Each structure stands twice: as structure tokens, then as C-alpha cells.
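Student: Chain residues, written in single-letter form:
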Amino acid sequence: METMTLSKPIETDANGYLKDPNQWTPELAHEIANSLHITLTDKHFEVLNWLRTKHAEGVALSIRKVGNSGIVDIKQFYQLFPGGPLKNAAKIAGIPKPVSCI
Amino acid sequence: MKDLLILGAGTAGTMMANKLIRHLNKKEWKITIVDKDENHYYQPGFLFVPFGIYQPHEIVKKKSEFIPAGAHFILDEVKNILGEENKVELKSGKVLTYDILIIATGVEPVPEETEGLKGDLWYKDIFDFYSFEGAVKLSEKLRTWEGGKLVIQLNESIIKCPVAPLEFTFLADSFFQERGMRDKVNITYVTPLSGAFTKPKATAMLNGLLEEKQVSVVPDFYVQHVDNERKVLVSYDEREVPFDLLVTVPVNKGDRMIAASELGDDDGLNFVPTDKHTLQSKKFANMFVIGDATNVPASKAGSVAHFEADILLENILHYIKGEPLRAQFDGHSNCFIETGHGKAALIDFNYTTEPLPGKFPIPVVGPMELLKVNRLNHYGKLMFRWVYWHMLLTGIKLPVPTHMSMAGKVTA
Ligand SMILES: Cc1cc2nc3c(=O)[nH]c(=O)nc-3n(C[C@H](O)[C@H](O)[C@H](O)COP(=O)(O)OP(=O)(O)OC[C@H]3O[C@@H](n4cnc5c(N)ncnc54)[C@H](O)[C@@H]3O)c2cc1C
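Line by line, the protein sequences are chains A and B. So the mapping is simple: the working numbering equals the position in the first sequence, first residue as 1, plus 2. So the mapping is simple: the working numbering equals the position in the second sequence, first residue as 1, plus 71.
Hints are computed from structural coordinates only; laboratory data are not their basis. Here the structure is a predicted model, which is why all the values come from computation and not from measurement. Hints may be right or wrong, so weigh each one.
Cβ-Cβ distance ranges computed for the label pairs, FRET-style [as the list claims (entries may be wrong)]:
(1) B:Gly479 to A:Pro98: 25 to 35 Å
(2) A:Pro11 to B:Arg446: 29 to 39 Å
(3) B:Lys98 to A:Lys99: 33 to 43 Å
(4) B:Lys354 to A:Phe47: 29 to 39 Å
(5) B:Gly279 to A:Glu33: 32 to 42 Å
(6) B:Asp170 to A:Glu33: 50 to 60 Å
(7) A:Ala58 to B:Val289: 25 to 35 Å
(8) B:Val166 to A:Asn24: 25 to 35 Å
(9) A:Gln81 to B:Lys195: 30 to 40 Å
Think about it this way: if two alpha-carbon atoms lie no more than 27 Å apart in a straight line, the pair counts; the simulated DSSO-like pairs of lysine-lysine are [unchecked claim]:
(10) A:Lys21 to B:Lys272
(11) A:Lys89 to B:Lys270
(12) B:Lys270 to A:Lys99
(13) B:Lys98 to B:Lys134
(14) B:Lys270 to B:Lys284
(15) B:Lys414 to A:Lys67
(16) B:Lys212 to B:Lys414
(17) A:Lys56 to A:Lys21
(18) B:Lys414 to B:Lys231
(19) A:Lys99 to B:Lys353
(20) B:Lys231 to B:Lys220
(21) B:Lys270 to A:Lys67
(22) A:Lys99 to B:Lys231
(23) B:Lys347 to A:Lys56
(24) B:Lys284 to A:Lys99
(25) A:Lys67 to B:Lys220
(26) A:Lys56 to B:Lys212
(27) B:Lys480 to B:Lys347
(28) A:Lys89 to B:Lys231
(29) B:Lys354 to A:Lys77
(30) B:Lys347 to A:Lys67
(31) B:Lys134 to B:Lys165
(32) B:Lys212 to B:Lys132
(33) B:Lys150 to A:Lys89
(34) A:Lys67 to B:Lys189
(35) A:Lys77 to B:Lys189
(36) B:Lys354 to A:Lys67
(37) A:Lys56 to B:Lys165
(38) B:Lys347 to A:Lys21
(39) A:Lys99 to B:Lys347
(40) B:Lys353 to A:Lys67
Glycine included, C-beta positions come from ideal geometry on N, C-alpha and C.
Okay, chain B solo, but in the shape it has when bound (with noise of 0.2 Å):
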């Protein structure tokens, strides 16, 4: 019997359990999947509990629900990978052996990265919603703050969902008007990157958004520190932005096993070196990485480690055949962004083709228009939930191709 074994049963290490399971000899492979929380968090929803647009019970499942009938789930802390020995070392002491190795252990918020950030004020008036706990906090908040300055600000430039803040900026807007308080609330988006967004077809679309939302945008703050008594960020430069309620992305950070097992990229995000197009490890053949835990120059975001899971079940299937990895991952995301009054926008694109404008063919939903604002996209956002638990992590093919396609974009 041989083993394949899969650290962390999230978005990528569940689908990954689930489409294994149908194509490895059962008499020959057995499937192991690992994960230190026994809950599944939808986090796409983190955004919306805020808002009370959904109830935290409704973005909470147990993961077991998920892992398919034959693959043996384990409840522990995954404490070191041994690549040499093909070995891993769980919390409780306990040894797992592989053949096969996928990490799918994915990124976390560290607050703890950013000098005064999880200070005096953490969860009084400076809060996170990229946990469970700190959407749920802040939607207490957001219930009675009475308005003032509302920062939302990013400490590193990759995140996963890299929009997911900007979502956040323009639902607090619509959230605002809706309670007849817009007036009283003065909303700035600070980034370390050089805007809002960075590709040019969807920056023009979305600084357009900004401008008539009236939100004010301070680019290029890289925060050094979080002044909690006079409440400002203060950033490597010097410059200093004023908040009452501060609404921050804290660093994302790969989990620390992977810096203890010496896996990490050098930039100390523990984010795995990958090959971008295989999704092979660079430094072990039998290993794997796939979502957020990779450091390959894609957006972190459910829809990518989708795409990734069809790519890493095609090269798993040819390393076990011992053939070379044919399959290769272009990069392929796509995502809706979340615009406020019950719109969004949707974006498709890869590693070298930047968002376009035009239709997304998605079949029997229709024709969903790329870089325009329209319910039509915020209802598929919504419906991603339903598509999230039933289709996609049990690893039922959704109806969109795995290559990014040109078909229906405008490209002048």
C-alpha cells in the first residue's frame, strides 16, 4: 500500500481529497488528509457578516462533511515536514509516512507581524474581518459606531482575495448609506501597493468606483507601526493617516511549519517555493503545493486553487505513472467584486493576459459580463456559496475551463 498524504483540508487540500479519491486504485493508494481545525470556514462569507448581510452559522460546516468516504481524516497540528525521509511530524507526537506529499496548509492573518496593530485598541476599534473572529467582532461594531474616520488598510502586498478589501470599502459605503449615515463616516483606503489595483483595464473600472463613492486613496503607505494612543498609522516614510475605526488586512502568512521544515520562500511569508506551471515543490519530486500555501505569482483566491486542482490531479496521475508533468497552470483567476448596492463586477484573467473587458461565457447561468457593474454578478457571487459547499470542494466539475479563455473579450 502506498501513501499519499494531504496537510491541511481546506478549499485546495479538500478538493484534492475528493478528486484523488475517484482516480487512485483504492487496493493501492491510501489517502491521508490532515488539518488542525475541525470547522470549515467559508471565508469568501468573512465579508459579508460584517455587513449582517449573512449570519456567521451560515459560512461554518464541519470539515468531515467534506472529506469523502474511503480517505481517513486525522484532527492534529501538522508540527514538521521531513522531505528527506518522506516523513511528518504531527503535535500529539505522531508520525505519517508518504509517497506522495500535497500541502494545501494555505495563508493566515498574523497581526502579530505589524508593530501595534494587535494592540490596546485590537477589537476596540481596530479589527480584522480575515478571521472568523474578527468578522464577527467588527459586525458588532459596525452595529453601533456612531461614524468618524473608517481606514481600511493592507500591510503586505500579497494577500489572499487581493480584492476583498476593496469589497469591503465599497459595501461599508452602501452600508453606511443605508443607515442614513453616510455623511457622518469619512472612508480611506490605504495600500502599500501604487493603487487601489494595479492591472490598467480594471483600475480605470474600479478608480472610477472609488472617485464616486468618495472614498479618498493613499497608495504606496508601507505601515511601520500603529500609534494605538494617538491613533494614526504610521508608515516607513514617516507619513502618518488618522483613523477612529481602523479595518486592517494583517500580513498573510503561510502556517510556521513550513519556516520549521525550512520550506519557506526568503521574503519569511513561509509561502512554498513552486513550480508555477507543474505545481511540483522546487526542492522535493515528490512533493506538491497547491492555494495559498504556493508562492506562485497568482492572486490567492479559492477560484485559482480550483483551476490548480485540475492542473495537480493531472501531474499526480503522471508522477505515479512515472511520466513527465504534462499539465501546466497558466495562472487562470477569476473573481466577482463585490461593488455595494446589491452589484458587483466580475474579473477574469491569468500570469500574463491582465482583466478585459467583455462576456464570460458561463453555460446554462448565460453571458456575465467582465468589468461592468450589474446584479447579474452579484447574484452569481452570492450563488458561488451555494456552488462552494455543493459543487466545488466535493470536487464536481464546475462548468467553467480550466485555461483562461479569450473567447468573448475585448482586447483594444
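One chain only, chain A, in its complex shape (with noise of 0.2 Å):
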């Protein structure tokens, strides 16, 4: 089992995605960015709550459908969370990794 040292001690996988959505608080968000060198905005939280209403939905995420989200285009998303964008935004929402089908 793993966990993050964080300000509280939060089960994560091996890969540091939250195991349980729900122990996230947009405090936990703050200090998960930092570690990956992301200073988050307004515009972060729009598109990490999107991902967190699509996951409970049962949505399969994709970098494309959030940029068909409304909220930013893909570009935007980049540039919002540099590198991996849908991966880190993920860890950052505190959802699990997205999987591919293979």
C-alpha cells in the first residue's frame, strides 16, 4: 500500500493517484500541483471539477472530450498541465489514471 506524504497521509496507487475521489479536497489539489511544478488557477479547477463530475458519471476520459468540454480547447489543456496533460490532470482531480483499452 502506498500513500502520499502529503500534509495528511492520503492512499494513493503505486503511480500517486488517489485511491478514494472522495478524500479530495481542492486543498489536496493545491499540494499535488506543486509536486508537479503546476501553480493552479480558476481555470484549473473548472476543468478538474469537470473531470471529477465526468468520473463519477462513469466517463471514459480522453484528452479530446475535454477539448470538447466548453471549458478550454486542447491547446489550453496543454498548456494548462504541461507534459501529460489528461494524466496529471487526473492526479491532480484525484481521479484514477485514465486507461486506454489496450
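Build the complex: two chains, separate frames, hints provided.
Tutor: Written out as C-alpha cells, the structure is:
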């Protein structure tokens, strides 16, 4: 079992994704983001909340879907969460790592 | 008389027509199947055509050959599904009504989705092998190409037969080796995913192969546009990959009539929201979806469509009797992975279990080795073409279980 060494111990998987999305708080998001060298703005939170809602609805997430969300386009999504935007945003949003079908 | 209407006579639609005709009372049910294309392409063969392993004529037959006697085949394009009215409009203006509808219209490569892909270099230095035309054009190109930077690239993370681009890469390596020009070709594999493959055990094996074959992998690369003048791929985060010859897998989309009928998923890829266990549409109880057209989180592959067909047959019979849809699809998928030099590997997995090493029992043929590269698996892959035309499409039960089995697998 892995835990994150944040202000309070939170259980994560081997890649640092929260095991339980309900343990997520905006403060926690800031801490995870800092560890990824990302400073969160309101726009970031709009994306994070959208991801959390979609995940709760059981939607399989993709970069393209975020690009169609009406909140950001794909380019902006990359700017907000550099590197692997979906992987990083999911980690910060406290939801599991999005999987592809192989 | 009641109407069962199937849209699409590809792998899944044809299988369903053949299975249903044996199980539905002919006095009660009329089965109709619609497709816009009179030719049936054996799509797994698209992989072999560029390298001259299959000739184009070997992978095309007339669809009508595989439609069972007693079913009605209509050659026309579906324009719109009116789910509330149980009606389907065709391009010719004809309107069909149904009691049960099966959507089996698959997905298609759409190069127009990526800026600059279908530009000046299309079919000159940029090719796809996901279409018959692309595969044939690419075979002509490869015959005379003198070498340089070969880039194999995926435009989206969800594509049919997700291993096909890797197989293409392996086959390209052996093709150029056999022609004595491997040293003149630099091979790069560019993917929007975090690696060439994403399931841990299979990744370990495939990464070893990529290294051995000296293929460099560029992961997390989501192409924003193709610069035709400079011959480079440009990603959304402004990285670049140069190419001399680009073999691309365009965005795969469901048919546009899915969007026109407001039946598509919210990613704009026109995949139909479908219950991943029962294969019933999420919108209408008398509408079912099978094969590549669904949004279920399984591979888009012929083998998956084949396993789904057994489940769907059962559930349609339940539906007709007013019973709960008891048959449950588990996401079972298996596929051969061509690795070049006359060898292949075999993987078997489902929604919850990743591909594992071990043995895969096929009666008569004998145990095939999972996650191992060998000759028998390669013959299995080539033999599949025969199985496809003669058994699979016509709905003959293949000797593999519908639900994934753990027998013979090594989990540690
Ligand atoms: C290069 C390549 C390699 C592959 N290799 C393998 C492999 O090794 N193993 C494997 O299992 N799978 C493989 N596949 C995948 C496999 O071919 C597909 O998953 C399978 O064909 C899906 O079946 P389907 O019936 O859902 O779609 P399709 O077989 O694509 O059929 C869809 C049909 O619907 C018709 N249609 C679409 N829209 C309309 C409309 N509006 N009106 C009328 N008709 C319409 C089309 O003309 C088509 O005939 C490969 C695919 C490719 C491209």
C-alpha cells in the first residue's frame, strides 16, 4: 500500500493517483499540483471539477473529450497541465489514471 | 411480421445476420441488412498488403456472398436513425421501419480530422494503411522507397485493432532487412499514449522487441498538425518529429449518420453509448450496438465483435421473450501480434484482466503460447484469414470460449 507524503497521509496507487476520489479536497489539489510544478488557477479548477463530475458519471475520459468540454480547447489543456495533460490533471483531480483499451 | 434491421454488413453485422437467421422464426421475423459498400474487405489483411505479403485481390469479396439466404440485403447508405419513431432513412429516400435495430456500422479512418494530414503530401509521402486504398498505395511506395526517416504515428488513442500500428512497425523492420536496406531506414513510433502499449505485462515484452529492432518510441505525442512544407509532425505542446515517409493512423470515427441521429458519445468520435455488458443502447431499449460502433471500453477488433455476437444473440432472444438481458459481455479480446520474420505473439484479455503469459488452449490446433514470439502464432494469424471468410462471418461457432478463461495462464 502506498501513501502520499502530503500534509495528511492519503492512500494512493503505485503511480500516485488517489485510491478514493472522495478524499480529495481543493487544498490537496494544490499540494499535488505543487509537486508537479503546476500552480492552480480558477481555470485549472474548472477543468478539475469537470473531470471529477465526468468520472463520477462513469465516463471514460480522453484529451479529446476535455477539448470538447467547452471549458478549454486541447491547446489550452496542454498549457494548463504540461507534459501528459490528462495524466497530470487526473492525478490532481484525485481520480484514477485514465486507461486506454490496450 | 416483425422487422429486425441490421445497419452495416461488415464483420459484426454479417455475423449477426447469420446467427439470427438460425434462431428467429421465419414466419414471425423478417431480417434486413443494409450496407453502403458492396465489397467486404478483410481488414486485418490491410496490414500485410503494403509489404506484398497479401495481394489486394486476396482480401476483397462481395458482401452478398456472406448474407444468409432468407435475409434481405439492401445496398444503400443509412442517413438517419429516428429512434423515437423506430425508423431509418436511407440515401435513396427509402424509409425502413423496425421492431429491433442492430447498429454495426463500425469506424472509419478520417484523415481530415488532423490539420495538414490530407494535404500536399497525402499518398506521396504520407500514407495510411487503415483503408484499402491506403494499403495499396503504400505497397507501391515501399517498392521504390530508398530509405530515410520512417515515422509510424497514431492520431488518437482509441483506434481499431490497437496493435496494428506496432505490427506494421515490426513488419517494416523485417521488410527493410530482407531488402538489405535496414541501415538506410530510421524507424520512429509516435503515439499519444504513454507508451507503445499500456498493459504492464505485454508492455514489458513489446518494449523488449522495439529495442531489439531499434525502433525509437516518442510517447505522449498528440499531433496538432502536420507541416507539409517542412515535413514535420507538430504536437499540441509544440514538440516536433521530422519524417521522410509518414505512415499514419488517422482519427477513427463512427459514421457521420450516428452524429446526425444524435446517438454519438460526447467526444465527437461518433461512438454509440452502449451498455458494456448487455450491448443494449443506452438510449433505446429496442436498439443494440455491436463491434467497433460501440463505446464499450474493449478493443475495437474482429475478435471482440465475434465474442460480442454470441452475447448479443442471446440477449436479443431474451428481449423478444420479454426476459431480462441475462448474457453479459466481459470485454474478452484476443489477438495475434505479428512481430516480423515469420513470427507472432498472442495475447488474451478482458475488461478486468490484463494480457498474461501462459498457454491458450485451442482444441485441435493445440495450445498456443501467450505473450511469446514464435512461428506457430504467426501461422495462427495467417490461418485466421481462412477462418474469417469460412467460419467467422457465416456464424459457425469457433472453438474458443466467449468468456475469457484463466486456464493455462500464469498470474505471478
Ligand atoms: C489494419 C487493420 C488490421 C486489423 N487487424 C485485426 C486483427 O488482426 N484481428 C482482429 O480481430 N481485428 C483486426 N482489425 C479490426 C477489425 O477489422 C474490426 O474490428 C472489425 O472489422 C469490426 O467489425 P464491425 O462490423 O464493427 O465494423 P466493419 O467490419 O468495419 O463494418 C462496418 C460496415 O458498416 C458499413 N457502414 C458504415 N456506415 C454506413 C452507413 N451510413 N450506411 C450503410 N453502411 C454503413 C460499412 O460499409 C462497413 O461495411 C483490423 C483492422 C484494421 C484496419
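Student: Should the hint that A:Gln81 and B:Lys195 are 30 to 40 Å apart at their CB atoms be regarded as holding?
Tutor: Since A:Gln81 and B:Lys195 have Cβ atoms about 34 Å apart, the given range 30 to 40 Å holds.
Student: Holds or violated: B:Lys347 with A:Lys56, Cα cutoff 27 Å?
Tutor: Roughly 17 Å separates the two Cα atoms, so the pair holds.
Student: Taking 29 to 39 Å as the hint, is the beta-carbon distance of B:Lys354 and A:Phe47 inside that range?
Tutor: Because 32 Å falls inside the window, the suggested range holds.
Student: Is the straight-line distance between the alpha-carbon of A:Lys21 and that of B:Lys272 27 Å or less?
Tutor: Cα-Cα ~22 Å, so holds.
Student: Compare the distance between the alpha carbons of B:Lys347 and A:Lys67 with 27 Å, and conclude whether the hinted pair is satisfied.
Tutor: holds, 19 Å
Student: With a cut-off of 27 Å on the C-alpha distance, tell me whether B:Lys270 and A:Lys99 pass.
Tutor: Given pair B:Lys270, A:Lys99 holds - Cα atoms ~13 Å apart, limit 27 Å.
Student: Given the hint that B:Lys354 pairs with A:Lys67, test it: the Cα-Cα distance must not exceed 27 Å.
Tutor: Roughly 20 Å between the alpha carbons, so the hint for B:Lys354 and A:Lys67 holds.
Student: With a cut-off of 27 Å on the C-alpha distance, tell me whether B:Lys480 and B:Lys347 pass.
Tutor: holds, 25 Å
Student: For the pair supplied as a hint, B:Lys270 and B:Lys284, confirm whether the alpha-carbon distance does not exceed 27 Å.
Tutor: It holds: about 20 Å lies between the C-alpha atoms, which stays within 27 Å.
Student: Take a quick look at whether A:Lys99 and B:Lys231 sit within 27 Å of each other, Cα to Cα.
Tutor: holds, 22 Å
Student: If you draw a straight line from the CA of B:Lys98 to the CA of B:Lys134, is it 27 Å or shorter?
Tutor: holds, 25 Å
Student: Could you grab the alpha-carbon distance between A:Lys67 and B:Lys220 and see if it respects the 27 Å cut-off?
Tutor: violated, 32 Å
In this structure, the earlier hints numbered 2, 3, 8, 15, 24, 25, 26, 29, 33 and 37 are contradicted, and the remaining ones agree with it.
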